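*Asks:* Respectively, the protein sequence lines represent chains C and R. When you line the first sequence up against this note's numbering, it's residues 288 to 571, in that order. When you line the second sequence up against this note's numbering, it's residues 1151 to 1514, in that order.
Please keep in mind that the hints were generated in silico from the structure rather than gathered at the bench. Treat the hints loosely; a few may be bogus.
[Stated by the list, open to error] Which residues of chain R face chain C? A partial, calculated answer using Cβ under 7 Å:
no.: 1; residue: V1225
no.: 2; residue: R1226
no.: 3; residue: F1240
Every value quoted in this text rests on a predicted model; they were computed, and no experiment measured them. Think of the CB as a built atom: it goes at the ideal place given N, C-alpha and C, for glycine as much as any other residue.
One-letter residues, chain by chain:
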Amino acid sequence: MTQRALRFTGSTRVLPGFGLSMGISVLFISLVLLLPVTGLFGQLAGLSLAEYWSIITEGRVVASYMVTIGAAAVAALVNAVFGLLLAWVLVRYEFPGKRLLDALMDLPFALPTAVAGITLATLYAGNGWMGKLLEPLGLQVAYTWVGIALAMAFTSIPFVVRTVQPVLDDLPAEVDEAAMSLGATDGVAFRRVIMPHLWPALVTGTGLAFVRSLGEFGAIIFIAGNMPYETEITALMIFVKLQEYDYAGASAIASVVLFVSLALLLAINVWQGRFIRRLHGGKG
Amino acid sequence: MSIRLENISKHFGTTQALEPVNLDIHEGELVGLLGPSGSGKTTLLRIIAGLESADRSARPGRILFGERDVTHVHVRDRRIGFVFQHYALFRHMSVFDNVAFGLTVMPRKERPSSGEIRARVFRLLEMVQLEHLAKRYPAQLSGGQQQRVSLARALAVKPDVLLLDEPFGALDAKVRQDLRRWLRRLHGELNFTSVFVTHDQEEALELSDRVVVMSNGRIEQIDAPDTLYRAPRNRFVFEFLGDVNHLEGSVRNGVLTCGDAYLHVNLPDGAEELLLRPHEVRLAEQPSDTCHLPVVVTAISPVGAEVRVELEADWLAKPWLATVRHADFERLGMKRGQHLYAHPRQWHRFNDQMQPAAQATRAA
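One chain only, chain R, in its complex shape:
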C-alpha cells in the first residue's frame, strides 16, 4: 500500500513541530525517517499512524493509503502496525497472547476461529524465531526478543503499512545489527510498505530503500542512500550523514590560506569553508606545490578495516579526523606526535543560503 502525505503540518502549542510536509512512499518501500532529536520525525510517523492528528489549517492536509483517504480515520481503523521503541508489550500476557491480541479483539464476525488464530500466531512466532518461547512472559525475554514479539504482534493483523518508531534504539550494538539484517530480509519476503524512524545515520543508510532526512520540522532531502551520501543537497545533510572536517580560510588569486597552511583552489576571492570526509584526507610526509597543510597526529585508533587518525594544527579550530588504510599506516610508520601533511583528495562546499546543490570538486 502506498502512502501519500499532502501538506501535513503540526503545532504543539506555539512551537511548530512540523512545517507543511509532502511525501510520497511507494508500495513495498522501506523508508527511513532520519534526523536529530526534535527534527519532527517521530511526530510525522505518529501522524501517519493516527496517534497524533495534523493541524487543521486553512489548507487542510491529507493522508492517503493507496486510494483510501485516512486523514480522519481513527488509529484502530487505519490498518497499521506500530512498533514502539520500548516494545510496549502487554506485560501480563504471555508471548502467545501478545501476538494474538490483535486477532482476538476483532469484531466477532471477522474474527478467525481460535484454531486459526493459534495457527497464525505460531506461524508468526516461527517467522521471528520465538515459537519455543510462546508461553513466556515479556519480562522473561531479552530486549531483542521483546522487540521481535512486538513486531510479530504488529504483523498479526496484516497491516497495510508497518510503522516503526526507533525500533532498535533501546538495544545494544550487536543485537541491533542482527535485527536490522533480519528486518531487511523480512521486508524482502513479505513486501509490506514500512516507515521507520531513526537518529542513527548508519541504520538509515543500511536499511532503507530511500531515506528522508529531516531537521527542524522540515524535510531536507529524500533520496536513495547512495545518492544521499554522494550528493547531499545541503550542508545539514552532508554534516548529519557522517564525520566532517572543516577548512576555513580566505581565497585570494585561487589560493585558500589559513595561517601557515594553503591550498590551491579554483574559486573566486572571499571567505570560504571547505568540508571533507575523513576518507577524503590523504596523509603524506611531504607537502606539494599546490597544497601545504601541516598537521600533527594526536590520536590513533585502529578500527576494523582502517585506522582512524586524529590530526591537530595551529590553523585548525577543531581537530580533523582522517581514515587511513592499514598499508598506508604502516608505510608512514605513524605514531603520536608525528608531523605530516594532509592532502585533500576531494572537497565539498556549500553556499550559506543552502540553495545550490552540492559541488564535489576534484582538488588539484
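One chain only, chain C, in its complex shape:
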C-alpha cells in the first residue's frame, strides 16, 4: 500500500498523508466548485448560439452590465483608498481599541448581506438618519447608483484591508527610516519606497473587491430601487429570469458574470506573480 503510494508520487516524501489530503481536496473542489459550474454549462446546452447572444445583449441586460460595472469600479476605487488607509493605521500605529477595529474589518464577511442591505436602505432612504442629512443637500443615495456603489463598498472592503495588511506588516519600519535618513520627504518615501511594495497587494485586493462587487446581490437589492435600465444590477437580472422559470436565460447571464470574474482573477494572478518574482530575486 505504502509502496504503491510512494511509487505513485514518484519520489520518497517525508511529509505523510499526501495521497489522502490531495484526494479529499480534489473531491471537495469538484463537489463545491466544478459541479455547479458544469451544471451551469449544462443549462446553456439548450440554447443555440444566436439565442444565447440575444439574451446576453438584450437592452435591459446590457444596461445592468453598465450599472454593475460602473458601481463596482467606483466601489473598488473607494475601497482601494480607504482600505489602504485602514491597513496602514492597523499596522503602523498602536492605539486603544486596535484589536476591536481589526476584528470589525471582518464584519462585512460575517454579516448576512441581506442584513447589511436592509440597514443601508433604511439609513439612506429619504427619511433615514443619513438620508435626512444628505437629501437637503441634493445628494440622493438610496435608489441611485451611488447607493449601489455604497453597498458594494461595504461588502468588499475586507478584501483590500486583508490583502494589504500582511504585506505592510512584512515591510520593516527600517525601510522608512532608511529613506528618511537619505533625505526623502514623507511623500517621496511613501511614493518611491512604500508604494512599490504595496502595489501588488493593493491591486490584488482592489481586483478581488471589484470581482466580489460584480456578483453581490443581497446587500444591493434593497437600496438599489431596481428601476429597469437605471438601477438594475446583473445579479438581479439573473434572479428575475429565474422567477420567470427561464433557467436557460438565467444561466446565460450568469455565464457572462462568471467569465468576466474568472478572466479578471486570472489576470491579477499572472500580473502579481511576475511582480513578486522580481522582489524575490528573479530576473525582472
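Position chain R relative to chain C; hints supplied.
*Replies:* Frame of chain C; chain R shown alone:
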C-alpha cells in the same frame, strides 16, 4: 564633523533606557558603542541619528554636530548616513537605484545631473567592489554584499557622520572579519566621523579608535581599546571585555584560603574575590610555597595560537579557563583528568562599590 552629546536621556514609558549621558566624539574618529542587549547603545545611536528623540526634561539635552545644534533637526536634514543591521535595502530597486536614491530625492536645485549621479554611484560601487552587480536586485546578493550596498547608499549623500547599528551582526564570522577590516580601511581613506553599535567586544576592540562601554543605560567607560583592556575602570567593564576566572575566599594574615586551596596575597583581612583572565593562569606540576591551587583538567581545545584548557576543583564554584602556549601544553603532556596546580601570574580586584579604579597587582 565632531559630535557632542550633552545630558541626553531617554525613557520608554516608565523604564529608563538611557540615564543622562554626555559624550564627545572627535572629528574623524571611529567610535564603538559596546554593551550587552538592553544597555541603551542602540537607543543612543538612534538619538544621534534623529530616529528617536531624547527626553525633554527640566535640563534639556543637546546634540551638536560640530557647531551645528541638531537637537531638534529632523533625521532627513541632519546629514547623517545610517546603516541598519538588516541592511534595509529597497528590495524593488536595483543596486544602482538603491545607491542613487539619496541623490535622486534631493530638492531639484541641489540635485546633481543624472550623468553626475551615475558617475558618483559608480565611484561608490567601485569603492565597495560591487560595480559589476549594479543591475542586480538586493535579493540576488549575499548578506555581505547587501551590507556593502547599504554602506555605499549611506555614503552617497556625503553625510557629516556615519552611524552603523550592529552592521555586521547578521553576517557569518568569516565575512564579518573581512568587512571589519574593509570598513577600517575605508574609514582611514575617507576620514569621516563614525559611530557603530556592537555587542561583540572583539569587534569593538578591533575596529574602534575609542570604545564606549555601556550597561543599563549608563556609560561605564570611554577609552582606547588597549587602555580599556589593560585598565578597566570597574568590574562590569572587566567582565564584559573577555573571559574571567573568579577566585573567592577569605583573607587572614595575608593568606587567601578557599577550601584546600590558598594563595598569599598582600590584602587586609576579610572576604575577597579576585579576578583573572585566562592568559593570567599558569599551570605547573607542583605548587609553590605561596600558592597552592590544585585543579583537574576537564576539557582541552586547541584553538589557533594557544590551547584553551578548562579546569575544575572542589574549591571552585565555576570552572576556570586557562590559555596555554602549545610549547607548555606539550611539555606538561596535558590530558583530561590530569591533576595540576594553577599559578596566577597576575590578578585583579574590584571593590563592590565599583568606585575605585582597577588595581592590577603582581602576585608573589
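*Asks:* With reference to the structure, classify each hint as holding or not holding.
*Replies:* A quick look at each hint next to the structure:
With its C-beta approaching chain C no nearer than about 5 Å, R/V1225 sits inside the 7 Å limit, and its interface hint holds. Interface hint status for R/R1226: upheld, as the beta-carbon distance to the closest one in chain C is roughly 5 Å, under 7 Å. Interface hint at R/F1240: satisfied, since its Cβ lies 6 Å from the closest Cβ of chain C, which is below the 7 Å cut-off.
Of the numbered hints listed earlier, not one is contradicted by the structure.
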